[in-house]
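Going down the list, the protein sequences come from chains A and B. Counting from 1, position 245 in the first sequence corresponds to residue 245 in our numbering; the numbering is continuous, with no gaps. Take any residue in the second sequence, count from 1 to its spot, add 1000: that is its number in our numbering.
Everything labelled a hint here was simulated from the structure, so no lab data went into it. Hints may be right or wrong, so weigh each one.
[As the list claims (entries may be wrong)] Simulated pairs of lysine-lysine, DSS-like, Cα-Cα distance not exceeding 25 Å: (1) B:Lys1141 to A:Lys412; (2) A:Lys385 to A:Lys457; (3) B:Lys1139 to A:Lys424; (4) B:Lys1141 to A:Lys424; (5) A:Lys457 to B:Lys1111; (6) A:Lys358 to B:Lys1202.
[Said to hold, decoys possible] Label pairs and their calculated CB-CB ranges: (7) B:Gln1193 to A:Thr6: 53 to 61 Å; (8) A:Ser502 to B:Leu1131: 34 to 42 Å; (9) A:Ser205 to B:Met1185: 49 to 57 Å; (10) A:Leu386 to B:Ile1143: 40 to 48 Å; (11) A:Lys457 to B:Ala1102: 17 to 25 Å; (12) B:Gln1193 to A:Pro258: 20 to 28 Å; (13) B:Pro1103 to A:Leu386: 51 to 59 Å.
All residues carry an ideal CB built from backbone N, CA and C; glycine is no exception.
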Amino acid sequence: MKTLPTVDVVIVGGGWTGLLMAKELGSRTALSVVVLERGGPRETDHYGDDMDELDYTIRFRMMQDISQETVTLRHDSNHRALPLRQYGSFLPGSGIGGAGEHWSAVCPRFLPDCFELLSRTTEKYGAARLPEDHAIQDWGISYDDLEPHYARADLLLGVSGKAGNIRGKQSEGGNIFEGWRSAEYPTPPTKIPYFSAVFGETAKSLGYHPYPVPAATTSRSYTNPDGVSRAGCTYCGFCETFGCMIGAKAQPTNILLPVIAKRKNVSIRTGAWVRRIVHDAPEGNSKARGVAYIDGKGEEVFQAAELIILASWTLNNTRLLLLSGIGEAYHPATSEGTLGRNLTHQVVFSAATAFFEKPLNRFMGSGASGMMLSDLDGDVFDHGKLPFLRGGTLGARTARSLPISDCGVVPKSVNTTWGSEWKKAALHYYDRVGRISFSGEHLAYKGNYMDLDPVYKDHFDDPLLRLTLDWRENERKMVEYVVPKAVEIAREMGAKEVTPYSGLRRYDATRYQSSHLQGGTIMGRSPEHSVVNPCLQHWQVPNLFVLGASVFPQNASANPTPTILAFTYRAADAIVDRYLKNPAALV
Amino acid sequence: MRRREFLTLSTTSIGGAFVYSLDREISRLSPQGNQPIRIPLRFFSQAEARIVAAAASRIFPSDEMGPGAREAGVAIYIDRQLAGPWGRDRYRYTHGPFEEKAPAEFGYQGKATPRQIYRQGLQGLKRFDRLKDGEQDEKLKQIEATLFFSLLRQNTIEGMFCDPMHGGNIDMVGWQLIGFPGPRMSNYDDVDQHYGEAFRPKPVSLREVTGRKVRPGEDLE
Chain A
1 MKTLPTVDVV IVGGGWTGLL MAKELGSRTA LSVVVLERGG PRETDHYGDD MDELDYTIRF
61 RMMQDISQET VTLRHDSNHR ALPLRQYGSF LPGSGIGGAG EHWSAVCPRF LPDCFELLSR
121 TTEKYGAARL PEDHAIQDWG ISYDDLEPHY ARADLLLGVS GKAGNIRGKQ SEGGNIFEGW
181 RSAEYPTPPT KIPYFSAVFG ETAKSLGYHP YPVPAATTSR SYTNPDGVSR AGCTYCGFCE
241 TFGCMIGAKA QPTNILLPVI AKRKNVSIRT GAWVRRIVHD APEGNSKARG VAYIDGKGEE
301 VFQAAELIIL ASWTLNNTRL LLLSGIGEAY HPATSEGTLG RNLTHQVVFS AATAFFEKPL
361 NRFMGSGASG MMLSDLDGDV FDHGKLPFLR GGTLGARTAR SLPISDCGVV PKSVNTTWGS
421 EWKKAALHYY DRVGRISFSG EHLAYKGNYM DLDPVYKDHF DDPLLRLTLD WRENERKMVE
481 YVVPKAVEIA REMGAKEVTP YSGLRRYDAT RYQSSHLQGG TIMGRSPEHS VVNPCLQHWQ
541 VPNLFVLGAS VFPQNASANP TPTILAFTYR AADAIVDRYL KNPAALV
Chain B
1001 MRRREFLTLS TTSIGGAFVY SLDREISRLS PQGNQPIRIP LRFFSQAEAR IVAAAASRIF
1061 PSDEMGPGAR EAGVAIYIDR QLAGPWGRDR YRYTHGPFEE KAPAEFGYQG KATPRQIYRQ
1121 GLQGLKRFDR LKDGEQDEKL KQIEATLFFS LLRQNTIEGM FCDPMHGGNI DMVGWQLIGF
1181 PGPRMSNYDD VDQHYGEAFR PKPVSLREVT GRKVRPGEDL E
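From just these sequences and the hints, can you work out the full model?
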């Protein structure tokens, strides 16, 4: 194994969190910083010719190479897990920028009570109302602690939207249920396509409080505090599973790379597949010494480092710690061990698929252009007499309408899937179908967790990560409550036919859900129940920090990117302002 | 090296759209009487390609609603996909053990590659292209629940609506059918206009938009 001279900081992963941390440390300190990214390189203007649905959406050009590594899944710990052999319910990105390149750029914040879910819920409804098998926890910080960092993330991305609560003052047209904001959004809301506009008007007439989807596909050109400028969105519709061909969508390559490129103390190595974090003692307090990786030529390399930032994709953070033997693996039967616990996904589906008489021109839009409402989110509505806790948002985004993916969605009255009759309906409805989608909270349960698979291996012969994951009654009841409300809005919008969501059964790995998985290396106030402290520093290994949604104790219904960035800023402050002065446990 | 095979189509069989695709290029052929068109195949034998073309044409027929799989060149599209990395399962995790009878929520768990699934599936459709439309439909109904049929159906939709660089959607006939304008760079002036009315800009292909040839995935590796 080749050993490289010690650097100050090694960052595992070149996506949103890794590159934001590299930018912060590179700009605010003179530390030598090395970013290791296992995928390929990308430049700021990488996406001139990627607007091809087949290669990008159907064949997953931007995703991790699933032939090399995947995860296995089982619904409960009594079953044997099987590998996810092709992509389905989530899409991990690869290459510089990671999933931050192919995202939809939907940018909500989490509701304030999400961060104190256990104590707020118990306080209001009593511990008896919590699901029997729950593993819900408080995060160890409050929304108020995080707000300044949310504001930094919004400015970094130039998020477009309309505030509904500026320092406690509610304003119509924004999300009146959201947590307080210190300032208005950096840019005004995006344009609203037809289907979304009708959803907004109708929802309002029914007494809901719709607002424009917060979007990092910005409504106009924008220059962020780092001096990085981007063009405004042109609503071409090629956002999710694509990089933005004009750079209007905020991506790590167009807002972080230009700043990093000016810093001589930061270097990025692509094709560097980290297999282990090397540390002194297998258990108890120890020090990480560096990382072992395979470089692009297949050579084994040891990169020594004083400080290690684990910033790979959410599931891989957990896997790398398990493979490295850092921390105690979680045991569901006894609830001992913390590493791998609290695996959550997000409850996302088309609540009402609505068929209209008029064409919708759905090819025009962006990943985040649309209207949504939070009247059914979190604890915004009283759950006293309801058979479930929490909720989610309903929304009508006009994200895209790509023909391979979308042609063939027909009303239930058409009962064939091929031939002339089906073709006639498929052509007619292609641009007459809109989806009212639900994005709901997935609670944490003792039985949903991650460990290493005993059978299946990756291309280096390392064990795959095994997900033990299924929905529970709380999610199913929530869905039963929400779907009729979405159907009512769709009918009121003038839909001729509406197909309601058929309901949650078992976790289905074939149906795209969202790429928002959480947990495994969760944060919290005590090492008995969490892997990292509220500064995202590992409880047992003080020179190791973990970034990304793997630190979230549970899902929060909203899409996670602004929250992930806010926590990264907060961790960067903890490192620069405190850790570097005294490299020890911060809590 | 396998014997060079061609899909030979009469001009009538592709229904008046005198357009075909050679190895890489999409070109327009002037209608010159009833000259047959010979398209070099990468994966299928001629007999297989004719069966696939016939079956795809029952899935997405050419009818009074407009052109279908034949005019779009779906069989050519599928031939190229099977010859390329997707056909040999480059994009799938293929380590064993395989659990062929896994519940549907786990997705396809089998060992067979798309090439093998097609080869085996086509065994059951011998002389399919010689049957009458109604008989073809009956035959397809018998295999509707098979993995082969679901792949064929999915690939037919792909071949109808992919960018023309992949060999299907010739002359953007699929996009014209549904009013999809292709990778149109800007809808800025239109996205909040035309409410309730069809807005149908003329379709453009990726090559027209970028002004250069883009390498399709089936030609990689």
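These are the hints, each one checked on the structure:
1. B:Lys1141 to A:Lys412: Since the Cα atoms of Lys1141 of chain B and Lys412 of chain A sit roughly 19 Å apart, the hinted pair holds (cutoff 25 Å).
2. A:Lys385 to A:Lys457: Violated, at about 47 Å.
3. B:Lys1139 to A:Lys424: holds (22 Å)
4. B:Lys1141 to A:Lys424: holds (19 Å)
5. A:Lys457 to B:Lys1111: holds (16 Å)
6. A:Lys358 to B:Lys1202: Given that 25 Å is the threshold and the Cα spacing comes to 20 Å, the pair holds.
7. B:Gln1193 to A:Thr6: 53 to 61 Å: Holds, at about 60 Å.
8. A:Ser502 to B:Leu1131: 34 to 42 Å: At 36 Å between Cβs, range holds.
9. A:Ser205 to B:Met1185: 49 to 57 Å: Given range 49 to 57 Å: violated, Cβ gap about 36 Å.
10. A:Leu386 to B:Ile1143: 40 to 48 Å: holds (47 Å)
11. A:Lys457 to B:Ala1102: 17 to 25 Å: Since Lys457 of chain A and Ala1102 of chain B have Cβ atoms about 19 Å apart, the given range 17 to 25 Å holds.
12. B:Gln1193 to A:Pro258: 20 to 28 Å: With a Cβ separation near 34 Å, Gln1193 of chain B and Pro258 of chain A fall outside 20 to 28 Å, so the hint is violated.
13. B:Pro1103 to A:Leu386: 51 to 59 Å: Check failed, 31 Å falls outside 51 to 59 Å.
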